[in-house]
Structure formats: C-alpha cells, structure tokens
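As they're listed, the protein sequences go chains S and C. Per UniProt numbering, the first sequence runs over residues 1 to 80. Per UniProt numbering, the second sequence runs over residues 1 to 407.
FYI, nobody ran anything at the bench for these hints, they're computed from the structure. Where is the CB? At the ideal position from N, CA and C, for every residue including glycine. Do not take every clue at face value.
[Claimed, not checked] Calculated cross-link-like contacts (lysine-lysine; reagent style BS3-like; alpha-carbon spacing at most 25 Å): (1) K185(C) with K5(S); (2) K179(C) with K5(S); (3) K176(C) with K5(S); (4) K391(C) with K58(S).
[Said to hold, decoys possible] Facing chain C, from chain S, some residues (calculated, C-beta under 8 Å): (5) Q3; (6) T11; (7) G16; (8) I42; (9) P46; (10) P53; (11) E55; (12) Q72; (13) E73.
[Said to hold, decoys possible] Okay, the calculated bits of chain C under chain S, using three or more residues with CB under 8 Å as the criterion: (14) 170-179; (15) 234-243; (16) 304-317.
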Amino acid sequence: MEQIKAQVDYTLDLRGESCPYPVIYSLDALKDMNKGELLQIITDCPSSFRNIPEEVVKHGYELAANPVKNGQEYLFYIWS
Amino acid sequence: MNIIKAIFQNYWNPYVALVLAGIFSAIYFGITGTVWAVTGEFTRLGGHVLQFFGVDISDWAYFDLVHMQGSSFSRSDGWIVWGMFIGALMMVLFSNNFKIRIPKQKRRLVQGLVGGVIAGFGARLAMGCNLAAFFTGVPQFSFHSWIFIVATGIGTYLGAKITKTKWWKGKPSLTKGSKNPSAEKNRKIQPYVGGIIVLMYIGLILFFFITGKSLLGIAAIFGAIFGILIERGQICFTSAFRDLWLTGRGVMAKAIIIAMAVSSVITLFVIVYYGMEPITQIASMGTFIGGLLFGLGIVLASSCETGMMYRLMEGQILYLVVFVGNIIGVTALAYAWDHLGAYNILVAGGSRINLTAAIGPVGAIIATLLMLLIAYIIIVICEKRYYKTYKLKNRKEDYIGTDKSAG
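The following block holds chain C by itself, in its conformation from the complex (with noise of 0.2 Å):
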C-alpha cells in the first residue's frame, strides 16, 4: 500500500524522474536513431492547420525540413507526442487529481497566449525546444544546443523581470481570517477511469506491433513513460531557470544538469558501439536568437512545450491558451523561414557541429561533461547569491530558527 502510494500519490524527486528521462532517451535513440523532441511535430501540426484551411504549403521549406509526411498518427514523432499527453493524464488520473483549473485573472489567458507564441516561433528558429535543443540536444553533441542553453538563460532572466512588475503579476485574493476550501467528493473515479485509458493504450499499442508497424509502437510506449516522468517528477524547465532568478530555487536545474550527464555518457556509447550518427543541428545566429525568444516566452507563458503537456492534463485551462500559442508560433516561423527571409539573414550563415566529429568522442564527452559542471557551479552560486541579497533586506528580522510555535 505504501509503495502504491508513493507511486501514485506523491510525486517523484526531480532527480530520479529526469534521470530516468535521460536514460529513456538515450534509449529511444539507440532503437530509432531520433531524439525524444515535441516542437518539430508541433510545426507540423500547423501545417495541418493551413491545409485544413486550404493553403497550400507544398512550397513552405520549413515544412519540408520537417518532413511533413503523413499524419500525426502515422508518425513516431507524432506517437512521442500524443503519448505524453496519455502517460501524463493516465498518472493524474491515478493521483486522483483532475481538476478543470480555471484562472481567476484573466490577463494571465493573454500572458499565456503572448508568451506561447514567442516561445515556439523561438524554439523552431532554434531548432528545438528545451528537449532537441537543451535536454537532448547535449547528449547528441549538437553544439548548437550550448548556444541555445546560454540564450534561454539570458531570455527567461529578461521573462522573470517582467513577471515580478505589479501589472504583469497582478494580485491575489487574500483575505482576513479563516476560509474553507472546496469540498471533497466522497466518490473517487478518476482512478478507474486512468484504467480504462491505459488499458486501450496498451491495445493500440499491440495493434501497431500486430501491424507490423513497430515504430509507431515504440514511440507510443516511450511517449507514455516520458509524459509519466514529466507529470511525476513535476519537471519544468522552465522553473529551472527562471525560479534561480525569481526565488534562487536550483533543485530543477541541478537535477536537469545530472540527468544530461548521465544521458551524454550512455548517447556516446550507443553512438561510438552501435556506429550511430549523432542528431546535429545548424548552430548559427538563429540558434542564438530563437533561444533569446524562447526563454522569455517560457516566462511570460509560465511554461515550455514540454511542461505545457502535463499541466493541460492536470486541469490547467491557461495551458490551452499556452498550446495554441505555440502552434501560432511554430506556423509563424515556418511562414518567415523563407517568406520573410528568416533562413537566409539569421540561419544561412551557420554550421552543423558535433563534438563528437570536432574533436573525437572522448574529447566530446570531456567537454560536454566539464561545460556541465559549469553550469552547474554557476547555478550554486546564483542560488548563494539569492540569499545572500535577501537576507540583507531582511537582517532586521532575526527569521531562521525562532521557534514561533512556543509564542
């Protein structure tokens, strides 16, 4: 009983969820030669949109570099996807904790649909979100996913500013004395309901195998343990950067650190044992911008492509907002790619680089594992740092350690 309730009833340590992330992924790649990513199918979802709406897009390039093939269902990326909405929903189900959560402010619908837009017309300049371009774009040595990190970094500082001004944060309900919470439902069916769901997935799941379309199958199953991570060990990396500025919270940001290392470790031996070719991405001028963009869209729209799954599952209306922010995004950027000249001024000048072919695998491990440890350093201190100017505001008050339950 207690082991159930640990795992269904509180959420995982960061540390275990993303490391588990970090293997699965390494993983995923070494069976299908792709990287657990979102935003890529998320640009094709919108070029559905614009056929579905009789534009034709034969001749967009973004769409072509995406591969625009099929439909989501027919393809592993889009399984990934659609899997992480079911593994996150089934394990909210379970936790018994479906709620439709509705913001009380409505600016926060507009910060969300602003914010969601900015991030994934950033996010595809870039190549990637927080996974192809941060989280599995630095165990495939793609060099570009380095700019990308030190952009979003310096995009969410300029994101966490905005959100401490009174306007954009707004005011809560705070009122005197006591108030009495929602009350609870005796009947508990969401449970069952999270069962039904899994056991349907599984007989999807089967028929793909029956079919012969094992990749379809593969990605469906590492979908759902990737959404099942996310939802259980509550992973936001978002917060990892913003909450080091906001209230000098490092755990998300350390545990994503660790998990990298111990995927890049595992990557490089699937790419050096297995003869893989590691995912390069372009590394140019947009890498850098894009991730400029998308930090400050994570902010502003209180999430990132990922987090936004789990949350809608969760309940969380404002994450709605948030997902047809990133679609409209990702479309804009597929329409600027070649209408507006996005390739050629910002991305044209650019190369694809892998340490992995730069300066030898041992010496891309080395690197990536000492750039790691860097940041993860730079990360210490800027949580030092938090509390050291917060205690200097707040040294007329002896706080830590006074024992207020006597008084």
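Okay, chain S solo, but in the shape it has when bound (with noise of 0.2 Å):
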C-alpha cells in the first residue's frame, strides 16, 4: 500500500461532499489526468463506497489497489 501511495499524482479530496458529486468528481477529474496518472480519492459519502469504484471501472478506468476503509471514510486507488 506504501508504494501505491508513493505514486499518488492528484488527491480528490471529498470529504463533506454527497451523492452524486463523488462520482461526478472523480470522473471529470480522471478524464483530465494523464494516462497512466494515479488519482487517490478520499470520500465519507457512504453511497459513494459502492458507487465510486463501480462506475469509475464501467467508465473504463481501474482500481489500482483494493479500496481501503478508514473509520467512517474509504480510499480508493484509481488508474487514469
């Protein structure tokens, strides 16, 4: 987990933000990254644990590492 950190190039941070702006978020923002860019997404949106990781792989994007809960909130690890 400490190298997927390491790559980290942007950080969303989308704490105190509710459905549907997580997912919108983190999809407009990976369409502005680089290929190949790694996007760490911090949310407490509890909809958004299950929708994030759903929609950002049907968009045709991919988890870089399994998705990490911290407390009440999720970290997600997401290939641009």
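Fit the two chains together into the complex; they arrive one by one in their own frames, and the hints show the way.
Structure (structure tokens):
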C-alpha cells in the first residue's frame, strides 16, 4: 500500500460531499488527467463507497489497489 | 463472523433490499389497510409546527384531507416515519459509520433547501412521494402513480441538466500528490450505542402491544424494517432516475422495477383474497405537475423524502436542511391547496382511477407488469445510449481492457 501511495499524482478530497457529486467529480478528474497517472480519492459519503469503484470501472478506468476502509472514510486508488 | 460482517458491515445488494421492501410493504398493507408512506406525515408535522406558532389550521382543507388527529406519536403513519429513522440509525451505528459530515461547499446547503421545498410541495400536490405515488402506489394499482412516474422522470432530467452546470456543481478539492485521511479511532463505541437503542426500541414496541395499541406497535416494527432496508441497500429513488441521465447507472432503477413487480403480485393477492380496498389517489393535472416538481426538487436537493431519512442518520448535515425544506414545501402546498386555489385549478377535475376496478384484477396485474417491462426496457436503452455517447466522446483513447498496472 505504501508503494501505491508513493505513486499518487493527484488527490481528490471529497469529504463532506454527498451524492451525486463524488462520482461526477471522480469521473471529471480522471478525464482531465493524463493516461497512466494515479488518482487518490478520499470520501466519506456512504453511497459513494459502492458507486465510485463501480462507476469508474464501468467507465473504463482501473483500480490500482483494493479500496481501503478508514473508519468512516474510504480511500480509492484509480489509474487514469 | 463472516455472516455478521456481510449483514452489518457491507451494504446489501439493492435488488435484495428493494424486493424485501416490496414484500414487507405488501404485508403491511395486508395487516393495516394502509401503505408505507412518509410525506403525508410530514404534512401533519408541518401542521403541528403551525399550531405551535398559534396558527389556526382548523379550516385548512388539506389538513382535513390528511386526517390531522392526535400527535405524531399516536398515529401509525407517525411511527412509520420515526421507525424508519430509528431503524436506519441502528444500522449506521452497528456498521460504525456515523460521522457528522458537513458540506465544504456552502452552496450545497442552499441547493438542499431549495430542492427540499420544491420536492415537498410537488410530492403533496401529487398525493404522495416516491412511496405512495410510486413504490407503493403502483402495487396498489392506483393509476395516479403512473402519471407521477412519467412526470418525475421528466423532472429529474431537467434537474440533472442543472446539476451538470458549473455554477451548480462547484469545484472539488483536487491537489497534487498524496494526502492523508483522518486518523482512525481505535475505540468503537457506536455498535454499543446501537445495541442500547435496539433494546429501548423493543421495549417501546412491547409497551404498545401491552397497552392495547397494537397498530402503533406494528407500525413501529415495519417502520424500523423499512429504515433498515433503505439504509443497508442505500436505496435511493433520486439516483434511480438521475444517474440514468448523469452517469448511465441503471442498477437502482432496475431493482425498483423488479421490486414493484413482486410487490404488485403479492398486493393483488391480498386485495383479492382478503377482499381489501386498494388505496387510490386522485389522478389529475396536479399529479403531473406535482411529479414534475418532485423530480426536479429531489435532484436539486440530492435526495428525496425517503433517502433523506437514512442520510440524515448517517450524520450528513446537508439532509437536515433538506428535511426542513421538505416540511416547508409540504406546508406551503397545504396552504396553496385551498387558499390559492391549487385544488380547484389542478386537482378538482381529476378522478380516482384504480386499475383493479377499471379493468378487473387480472387486467390490472397484466397491465402493471407490462408497464413495468416497458419501463425496464427504457432503462436498458438509456444505459446503452449513455455509453454509446460516452465512447464516441472518448474514442481517441482505447481505455477499455488496457493493462495499466504493467506500465
């Protein structure tokens, strides 16, 4: 995990944001990044725990690591 | 241990949660003759607020229509609402997921209030929200719910358009490099608090049954079941519509349709076998305009009256504002009903149409299942269309199936 963290290019801090903005922001950020860059997402909106990984994968992006549950937050690592 | 984790830690498959909700709502109807609904009670709460401030509401026709008697704690509809809050809260605490979540962008609070007012107003104009005019309305074969669904679809489409604009969407915090999450607390007290709430709630339910108020006891049980299901399934009627337009996500919409089909079959059985009267609301211009406003409002507020309830229990402060907005909206409609002529202009010309009475029970279930099938096909088409446009826009990159982990 430390290895993945060291490679992170951008961090999207979505704490406090509610649906649908976590998914919209995630897709927007990934679209604007260069291919092969790594995005870290920190979110605390419970619906997004499921929506973000499902939607980014459906939109053709790839999870770089398994989602990490951190108390009431979730961390996602996604390749652009 | 794994079962406990699957039930209390992980969210449930939305199909499972929704089908269970559909079955339980049919059973609730069979026992009590009323349906799972929330905004009618919200209207009464609005009435109590007015009474508290000394407003004489005895001649407001709408409060008479919704049978404003007693207090929220002496009504079965009241205990459905409080039970939903408590059931959702239990599950949030068991999964150690309560956290005060405050929107960083203050515009969200304004959006929540505006959307909440519009959604509350629209729901009551149409005689029910996503429950009585939708999820429990279709299985009651009340034709008004079909008008409502179409109108809500259009309303959410307009809402989604607004949501996508820059000034509405706002900007997230995107920074270079890695960032650390909040420090995790080692002591987990939330599940214990949840346990205490469960014990107290069971005590209350027993009290209702012992003192002969079994209807309240039943409502309290079913309310909690519905609360547990909407929280565990993260059931969101707003996203069912909105995400079809925004991100091509059709899971929730499909799950709702399957659940309504199951619920319709069981409800028909209850109606025919026990000779019960289905609950039919007026289908009118008001249903359409109400549905349109409701659809717009729920997308602007990021939640309908049902989703708001478990999100508030998760500690999402935004939904406190949405709740207040809902109450203001339903109360405004109660005022407009007779004082501003909303009833005479929009509703008086309508009529109560129930499919079981109009075309017989067999016709009603065939028509309902057929309409649900059409709705299901429309969703699949919407999903496909979304991805087709998405791929056209992004065709320069061969993004599917590339193995980036190797690079």
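### Query
Against chain C, is P53(S) within 8 Å by beta-carbon distance?
violated (12 Å)
### Task
Would you settle whether the hint for Q72(S) is holds or violated, based on the nearest Cβ-Cβ distance to chain C being less than 8 Å?
Holds, because the Cβ-Cβ distance from Q72(S) to chain C comes to roughly 4 Å (cut-off 8 Å).
### Task
Below or equal to 25 Å on CA atoms is what counts here, so check K391(C) against K58(S).
Distance of about 11 Å is within 25 Å: holds.
### Query
Are there at least three residues in the region 170-179 of chain C whose beta carbon sits under 8 Å from a beta carbon of chain S?
Since three or more residues must qualify, the claim that chain S covers the region 170-179 of chain C holds, with 9 doing so at under 8 Å.
### Query
Against chain C, is Q3(S) within 8 Å by beta-carbon distance?
Interface hint status for Q3(S): violated (12 Å vs cutoff 8 Å).
### Task
Verify the coverage statement for the region 304-317 of chain C against chain S, using a C-beta to C-beta distance below 8 Å and requiring 3 or more qualifying residues.
This one holds; 3 residues, not fewer than the three required, reach chain S with a Cβ under 8 Å.
### Query
Hey, K185(C) versus K5(S), does the alpha-carbon distance stay inside 25 Å?
holds (21 Å)
### Message
T11(S) was flagged as interface toward chain C. Is the shortest Cβ-Cβ separation under 8 Å?
### Response
Holds. Min distance 4 Å.
### Query
Holds or violated: is there a CB of chain C closer than 8 Å to the CB of E73(S)?
holds (5 Å)
### Restraint status (C-alpha distance of K176(C) to K5(S) at most 25 Å)
The hint holds at about 12 Å.
### Task
Let me know if the C-beta of P46(S) comes in closer than 8 Å to any C-beta of chain C, holds or violated.
Constraint on P46(S) satisfied, holds at 6 Å.
### Satisfaction of the I42(S) interface hint, Cβ to chain C closer than 8 Å
Holds: closest Cβ of chain C sits about 5 Å from I42(S), inside 8 Å.
In summary, the numbered hints that this structure violates are 5, 10.
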